[in-house]
Amino acid sequence: GDSVTQMEGPVTLSEEAFLTINCTYTATGYPSLFWYVQYPGEGLQLLLKATKADDKGSNKGFEATYRKETTSFHLEKGSVQVSDSAVYFCALTRSGGGADGLTFGKGTHLIIQP
Amino acid sequence: DTEVTQTPKHLVMGMTNKKSLKCEQHMGHRAMYWYKQKAKKPPELMFVYSYEKLSINESVPSRFSPECPNSSLLNLHLHALQPEDSALYLCASSQGTSINEQFFGPGTRLTVL
Numbered sequence: 001g002d003s004v005t006q007m008e009g010p011v012t013l014s015e016e017a018f019l020t021i022n023c024t025y026t027a028t029g030y031p032s033l034f035w036y037v038q039y040p041g042e043g044l045q046l047l048l049k050a051t052k053a054d055d056k057g058s059n060k061g062f063e064a065t066y067r068k069e070t071t072s073f074h075l076e077k078g079s080v081q082v083s084d085s086a087v088y089f090c091a092l093t094r095s096g097g098g099a100d101g102l103t104f105g106k107g108t109h110l111i112i113q114p
Numbered sequence: 001d002t003e004v005t006q007t008p009k010h011l012v013m014g015m016t017n018k019k020s021l022k023c024e025q026h027m028g029h030r031a032m033y034w035y036k037q038k039a040k041k042p043p044e045l046m047f048v049y050s051y052e053k054l055s056i057n058e059s060v061p062s063r064f065s066p067e068c069p070n071s072s073l074l075n076l077h078l079h080a081l082q083p084e085d086s087a088l089y090l091c092a093s094s095q096g097t098s099i100n101e102q103f104f105g106p107g108t109r110l111t112v113l
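Chains as they are written, first to last, in my numbering: chain A, 1 to 114; chain B, 1 to 113.
No wet-lab data here; the hints were simulated from the structure.
Remember, it's a predicted structure, so these values are computed and weren't measured experimentally.
Hints are supplied without guarantee of correctness; some may be wrong.
Stated by the list, open to error - Incomplete in silico selection of chain B near chain A, CB under 10 Å:
| id | residue |
| --- | --- |
| 1 | V48 |
| 2 | Y51 |
| 3 | S55 |
| 4 | S59 |
| 5 | L90 |
| 6 | F104 |
As the list claims (entries may be wrong) - Computed list of lysine-lysine pairs in DSS-like fashion (alpha-carbon distance at most 25 Å, straight line):
| id | chain 1 | residue 1 | chain 2 | residue 2 |
| --- | --- | --- | --- | --- |
| 7 | A | K56 | A | K68 |
| 8 | B | K40 | A | K106 |
| 9 | B | K40 | B | K53 |
| 10 | B | K41 | A | K77 |
| 11 | B | K22 | B | K38 |
| 12 | B | K38 | B | K18 |
| 13 | A | K106 | B | K41 |
| 14 | B | K36 | A | K106 |
| 15 | A | K77 | B | K9 |
| 16 | B | K38 | A | K106 |
What the hints assert, rightly or not - Taking CB as the label site, the calculated pair distances span:
| id | chain 1 | residue 1 | chain 2 | residue 2 | range |
| --- | --- | --- | --- | --- | --- |
| 17 | A | T28 | B | M27 | 25 to 33 Å |
| 18 | A | E76 | B | P69 | 37 to 45 Å |
| 19 | A | T28 | B | E3 | 30 to 38 Å |
Glycine residues also receive a C-beta, built at the ideal position from the N, C-alpha and C atoms.
Construct the complete structure from the given sequences, taking the supplied hints into account.
Shown next as structure tokens:
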């Protein structure tokens with residue numbers, strides 16, 4: 001079945017550091033790929049998405065590129081802020097039309113220190 | 001309006017109680033979802049409704065009973081729950097297309113005593 005693998009952390013960085021959170025996936029066909037962010041005590045917010053190979057999703061300074069050849073969708077940000085501290089989930093949904101559930105990675109807890 | 005709302009925000013219930021969780025969206029989405037999230041874990045899919053019909057049930061125990069009264073509303077009826085059912089229950093909605101970008105509500109924090 002489909003699966004998503006991501007580094008679990010916690011990942012601790014200093015403010016203004018460069019961020020990379022690795023995500024790789026296993027799926028048949030051409031899944032859509034997503035990054036969601038969850039702040040403490042809240043639901044999930046869609047951070048960015050990519051729906052086909054070589055697509056780059058971007059939002060709020062975060063970027064991720066859909067790499068079919070390496071089955072990866074790594075999340076990057078050039079300069080993190082304390083407010084970026086949260087749990088980040090990489091996820092996929094199968095292509096082919098119709099509603100389907102998201103398959104999530106285990107989540108990466110990011111801690112940004114001032 | 002790009003918001004999914006959920007009520008109540010918190011719920012404490014005994015094992016013999018009957019309660020309901022509610023979810024609402026006004027984005028014209030045709031698919032709605034229930035997920036369960038335990039602490040420090042990713043969300044796990046429970047149910048999917050597509051065009052107001054149950055399309056996916058991930059082998060959820062019958063003490064959880066979903067209902068979709070119309071395209072904007074989704075309920076989750078709870079009865080005879082166990083303490084291990086304590087979790088954050090998340091509702092989501094999407095257009096139901098192949099892209100399937102899902103928008104989540106803030107969740108209901110459920111505690112079963």
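Now for the hints, and whether the structure bears them out:
Taking 10 Å as the C-beta contact cut-off toward chain A, the hint placing V48 of chain B at the interface holds, the least distance being around 5 Å. Interface restraint check for Y51 of chain B: the shortest CB-CB distance to chain A comes to about 9 Å, inside 10 Å, so the restraint holds. For the restraint placing S55 of chain B at the interface with chain A, the shortest Cβ-Cβ distance is roughly 6 Å, inside the 10 Å limit, so the hint holds. At a threshold of 10 Å, the smallest CB-CB gap from S59 of chain B to chain A is about 13 Å, leaving the interface hint violated.
A hinted interface residue such as L90 of chain B counts as satisfied when its beta carbon comes closer than 10 Å to some beta carbon of chain A; here the least separation is about 6 Å, so the hint holds. With a cut of 10 Å, the hint placing F104 of chain B at the interface with chain A holds, because the nearest CB-to-CB distance is about 4 Å. Pair hint K56 of chain A plus K68 of chain A holds up; C-alpha atoms about 12 Å apart against a cutoff of 25 Å. Annotation: proposed proximity of K40 of chain B to K106 of chain A holds, straight-line Cα distance about 8 Å (limit 25 Å).
With a C-alpha separation of about 31 Å, the suggested pair K40 of chain B and K53 of chain B falls outside the 25 Å cut-off, and the hint is violated. Among the hinted pairs, K41 of chain B with K77 of chain A is consistent with the structure: their alpha-carbon atoms are about 24 Å apart, no more than 25 Å. At most 25 Å may separate the alpha-carbon atoms for a hinted pair to count; K22 of chain B and K38 of chain B meet this at roughly 19 Å. The suggested pairing of K38 of chain B with K18 of chain B holds, with an alpha-carbon distance near 21 Å, which does not exceed 25 Å.
With a C-alpha separation of about 6 Å, the suggested pairing of K106 of chain A with K41 of chain B holds against the 25 Å cut-off. Simply put, K36 of chain B and K106 of chain A have alpha-carbon atoms about 14 Å apart, close enough for the 25 Å limit, and the pair holds. For a cut-off of 25 Å, the pair hint linking K77 of chain A to K9 of chain B is broken: about 32 Å separates their Cα positions. At most 25 Å may separate the alpha-carbon atoms for a hinted pair to count; K38 of chain B and K106 of chain A meet this at roughly 12 Å.
Range check, T28 of chain A to M27 of chain B: about 29 Å between beta-carbon atoms, so the 25 to 33 Å window is met. Restraint check, E76 of chain A to P69 of chain B: a C-beta distance of roughly 43 Å satisfies the suggested window 37 to 45 Å. A C-beta distance of roughly 34 Å is found between T28 of chain A and E3 of chain B, which places it inside the suggested range of 30 to 38 Å.
Against the hints set out earlier in the document, violations occur for numbers 4, 9, 15.
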